[in-house]
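K.L.:
Residues per chain, in single letters:
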Amino acid sequence: AQSVAQPEDQVNVAEGNPLTVKCTYSVSGNPYLFWYVQYPNRGLQFLLKYITGDNLVKGSYGFEAEFNKSQTSFHLKKPSALVSDSALYFCAVYSSASKIIFGSGTRLSIRP
Amino acid sequence: DTGVSQNPRHKITKRGQNVTFRCDPISEHNRLYWYRQTLGQGPEFLTYFQNEAQLEKSRLLSDRFSAERPKGSFSTLEIQRTEQGDSAMYLCASSPVPSSYNEQFFGPGTRLTVL
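Those protein sequence lines, which keep their order, are chains S and L. Counting from 1, one number per residue, gives the positions in the first sequence under the working numbering. Counting from 113, one number per residue, gives the positions in the second sequence under the working numbering.
Just so you know, these hints were derived from the structure itself, not from any lab. By construction, the Cβ of each residue, glycine as well, lies at the ideal position given by its N, Cα and C atoms. Among these hints, one or two may not hold up.
Simulated DEER-style distance windows between Cβ atoms [as the list claims (entries may be wrong)]: (1) S:Gln45 / L:Glu180: 26 to 32 angstroms; (2) L:Leu167 / S:Ala5: 35 to 41 angstroms; (3) L:His122 / S:Ser70: 41 to 47 angstroms; (4) L:Asn130 / S:Glu15: 43 to 49 angstroms; (5) S:Ser84 / L:Lys169: 34 to 40 angstroms.
My request is simple: use the sequences and hints to build the entire structure.
P.N.:
Structure (structure tokens):
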């Protein structure tokens, strides 16, 4: 069965510093991976996806993610954090039945 | 606004009552999904439609839950005889028929509180 794990419930970063939100996956077959962000009182917003090709995927709002097959990881990164990046981030994997399986989420807090 | 919309945004009900939620997907999207999200957890898949056909239901979807998409456009999710454990955010998403594992576009959700 497809699954993703987000080992950190919360990540705290100072504004201007680089940030990483971790995700590991377990899939049978090729992994199709996503990152979504959820702001308070708003729906999930798509950030980026990995289907195939380059291991470094660029997405919205300056975020990128690095696919690492040997470590079965898909960590989300940003070179310089903004206070407005504070939100709940979900890693997800595409399941064989066309649904998306989400991780438990990581709350990112950027302090000024 | 051409995004996914959901109504109502909030619903408070007493245990045992029936509730119905509506989702209007992005107009050209064939697929429509329902998820449930409880506090501190990621969304969990409930069911999805391709056009008007309901193609899969999660085991999370008990007999008290029913979803419809009668004309392949909007969808409704009904919960009968609500229980306190049904309190959650119910999310709707839509996507085109996947050709390259398209991302799903989510609505703002309906927050259900069962007293």
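K.L.:
All hints, please: hold or fail.
P.N.:
Consistency of the hints with the structure:
1. S:Gln45 / L:Glu180: 26 to 32 angstroms: Since the Cβ atoms of Gln45 (chain S) and Glu180 (chain L) sit about 27 angstroms apart, the hinted range of 26 to 32 angstroms holds.
2. L:Leu167 / S:Ala5: 35 to 41 angstroms: Because 27 angstroms falls outside the window, the suggested range is violated.
3. L:His122 / S:Ser70: 41 to 47 angstroms: With a Cβ separation near 46 angstroms, His122 (chain L) and Ser70 (chain S) satisfy 41 to 47 angstroms, so the hint holds.
4. L:Asn130 / S:Glu15: 43 to 49 angstroms: holds (47 angstroms)
5. S:Ser84 / L:Lys169: 34 to 40 angstroms: holds (38 angstroms)
Of the hints listed earlier, the one the structure fails to meet is number 2.
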